[in-house]
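Undergrad: As they're listed, the protein sequences go chains A and B. Quick note: the first sequence, position 483, residue 483 per full-length UniProt numbering, numbers continuous. Quick note: the second sequence, position 185, residue 185 per full-length UniProt numbering, numbers continuous.
The hints are all genuine.
Selected chain B positions facing chain A (in silico; Cβ < 7 Å):
(1) Val370
(2) Pro384
(3) Gly385
(4) Asn417
(5) Asn418
(6) Gly447
Rather than coming from a laboratory, the hints here were simulated on the basis of the structure. In this text, all values refer to a predicted model and were calculated from it rather than measured experimentally. Quick reminder that beta carbons are idealized off the backbone N, C-alpha and C, glycines included.
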Amino acid sequence: MPISLSAPAPVKAPAATHCPYCALQCGMNVAAGAPEEGADRTVTITPREDVPANAGGLCQKGWTAGELLTGGRRLTTPLLHGEPASWDEALDFVAARIRALQAEHGPDGVAVFGGGGLTNEKAYLLGKFARMVLRTSQIDYNGRFCMSSAAAASNRAFGMDRGLPFPITDLAAADAVLLAGGNMAETMPPFVRHLAAMRQNGGSLIVTDPRLTATARQADLHLQPTPGTDLALALGLLHLAIAEGHADEAYVAERTNGFDAVRTSVAAWWPERVERITGVPVSQMRRAVAILGNARRAVILTGRGVEQHAKGTDTVTAFINLALALGLPGRPGSGYGCVTGQGNGQGGREHGQKADQLPGYRKIDDPAAREHVARVWGIDPDDLPGPGRSAYELLDALGTAGGPRGLLLFGSNPVISAPRAGHVAERLRSLDLLVVSDLVLSETAALADVVLPSAQWAEEEGTMTNLEGRVLLRRRALPPPAGVRTDLEILQALAVRLGGPVPGGPDMARAFSTEPREVFDELRRASAGGVADYAGITYERIAAETGVFWPCPDTGHPGTPRPFLDRFATPDGRARFVPVDHRPPGEDVDEEYPLYLTTGRVLAHYQSGAQTRRIDALNAVVDETFVELHPDLAERLEAAPGQTLRVISRRGETEGVVRVNPAIRADTVFMPFHWAGANLLTNPELDPVSRMPEFKVCAVRLERVG
Amino acid sequence: MTRLVVVGNGMAGARLVNEVRARDKDIEITVFGAETWQPYNRVLLSNVVAGTMLPDQVRLLDPSWYADHGVTARPGVEVTAIDREAQVVVTADGEREPYDVLVLATGSEAVVPPVPGAGRAIAFRTLDDCQAILEAAGTARRAVVVGGGLLGIEAARGLAGRGLPVTLLHLAGHLMERQLDPEAGMVLGETLAGLGVESRTGVVVEEIVDGGVRLADGETVEADLVVLSCGVRPVTGLAVDAGLEVGRGVVVDDEMRTSDPAVYAIGECAEHRGTVYGLVAPAWEQAAVVADLLTGADKEARYHGSRLVTRLKAKSVELAAMGETHVDETSDTSAEVVRFSHRARGTYRKLVIRDGRLVGAILLGETAAVGTVTQLFDRGGPVPGDRAGLLFPGLAGAAVADSPVRMPDAAKVCQCNNVTKGQIRACWESGARDVAAVAAATRATTGCGGCLDAVEGIVGWLCEQEGVSA
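Let's have the full structure, built from the sequences with the hints guiding it.
TA: See below:
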């Protein structure tokens, strides 16, 4: 972007903001630099010391996040059928096509797909746009692939789903942490500082993971279960905890319901039986239980490793049951938490871009919730649609008889990130209209009829709710490049085109503000009285207090760092034990597909890689997908590091460069999902409660190429 | 509507009832149990004897389960006859219960050896037996357990854990002779000795007398509590009387049907392809098959037999045994035997491999290998070429020393920010003399912080090399 100045522009004061990537939302200062004549703009990033989550730390993703603000990799003009177009041309086209499709197929003929990286304001307004302007029930988001199992399990146990129901800094004072299926040393490295502090204080870290990950290497005890057997492991741990007298009977009596049924159900999960299913030695289970049972303060955390399964909700429930039996949740310094993944994975699941949900974590089929939200929106509650399809079901229905014919997609890249991605791409191609708002030409945007170039992170204001449930302020450090609009501006432009002016109808320009602060104030009203109550949170308070924990029902309320200390958010204030039983994965290994595939992340990349795969420094670390296998397996296949192997499942095939690593089980191979490939193979079988697909385990075979 | 009658409310019967109800809400179910207890988990009885679990912690179903699930339970009601013609079972007090489908899950009973005075001893089989053993253990000063099989050892270990000196008497030449080879049996005996269980093998019990057990050689082993664990036999009386085909157990096909298609048998009373299984896992697999067939959930469900893994459940004794454990390379050249023995540590490990597959194993003494080995045996997967790595997990992946001196320049020191030792050296060479300066220049240590010590070490070493004070 040439700027005709005779002297370099003065450096602006850096914006105290947060990282664009994961849910840790590390605090960082972003200084927009003074470009020399003819040069591109520059951005300097330094970590903030005042944000507890990272306390001065940043990983390489964070340090290099500014590269996408400056390079020429951005979209700066709308694309209509692949050709540059003006904003009016593009938006008029979209509006006309939506009208035509809805006239022919009804309101549900057009769907909306959102993302867990969108700010609270965007997520909220996207849900409002779908329900109020499109009147479609067909809206869901990629967070379904991320947090839905933990959310469902927390809701049924505690009546509330706030990722960590305690500040992250509590971890350092714990005597023991059990991390089930998480690899923060790669996914959110500064998180590990809290675990390391705990260990330095004498605490013990237990990690369960089919791989000896960078995180598991730092653990005092690593349990390495067979993929798809975490639920059995959790049941076995609870069985042992009870057998060895670690159940906190007083706590159970005072603060919970339903223990008897769970106690009886886990009697069937004696450790030797669990060992045979999981491959985790009984002796290690005993050690884990002794560590947890003897700790004064202990925390159990779950990550995607145990959650992204067709039984993810039950698996998380089993770990919550263990935490409840040990008397952890709602006690200072102890508890259960899930480690939220996406940047706004928490806020994104609270404010209405989920198929069954309205702002404030309200249920869309609850008449009182509909009444409240309709009043804030100035519409008749009867005009609100009901619940729609979950993410994979929505993608699977696209372009089919009875399914949506058009899709508006914001902040997501399902061609890479959805399970059975080859099929999903086919569904997207079958649409009559695909509109994608993104800052780069992602793999999904490349399929779109219309691509709308949108502003990103440091170019606009907004709030994010981090993994602790702390609402944070994202500040603008520099303006978006010329030609780029914010998502709020896009939604307003479409709302005005589609919804107004209707005599007596709402003023769409006002109903869809482009000013984040105004949208947030409306979100506060819409969430008021809900489970995730933001009514008392203001931009000023967030700035002054470095974040505010929800629920925060009024401006005089201090926010709620630990919501369960006195009671749980259930009607009777007690946590609920729910009996669950183990079952095998949706697809087990057999002679034709004899190996488990599990998927995950590498440190240098984030999600579908749409951002990080465009950053040179990160590509320098790793720029291609790979398949990690145990030396025994490599020996049997005569596969050497650097060779290419074909990986085949019932749903598709892909290739990967061989990495040989004794850190993985010999019956399992690992592929990262940041590149096209891994998700061509994964199993879209869904959890019956959360509708989470089974990303973390399916059956594959390997073949040598050539 | 189908009327299902189940005779036996133990591990197999209770499981079947549960599995049927989980698949079908409508089938009428009546279950008879000879014991008055709610169904309990027999596997955990040794924990009750050891005192780590209370009797009400081993139940399989809550008392309210039956009412909640519309199942008629008849605990303590003994079925004495089957009228196959009329499709009716008859109870001890003459009640007649009609069935469309009958499942026999009558289990097995303890074998009491025909020696004089056997009535002075307590068999170890039921929860009632456990209660009796516990009561006696409260006042006993010495205990004898007769029978050095799996259950006998668990009982002996449990009693020893309560502080009782225990002598374990075993007829065969070594303990658990069906599952273990002689050396493993010997190592196991030594392990038990360290836990307060003295085992004596190759001894014949002549009589149980007041105050002890008299052996064939005339010696009397003192004890005021004698526990019998001399094996079990299938309970097949009902089936024999009803004219069903009975071998060692009630003979069943792959659908678990007896010679009468309306009558099934599962669990320890059933004989499938010549085998009577005495463990829970097969019984539960069989229950699932019958539930699938009865409810139509899976009409193709069949039972094909089970691979048996014996896992001793006794505190501080880790033992897993599976498959062909008695194979000896000198007698069987088609098998490869890998063995490691370290008696002083109570360690004995043996793998038996045929055609690249694991067909048998013994793992005695704590080892993380047990999970992998069991799964290899269960699934018939290929055994890795590196047998030592299988027996000693972690051996192959042992960490390389990463002292600052020995580390190559290409080694990555800071994973989070992708910084190598070479980059830190270059940074030092251009003037950085402490961690803060290295961090400012390379970002090393600013991610998870885990490499702080390593970076300090490298900077310190470089300073030392050059005689610069750090």
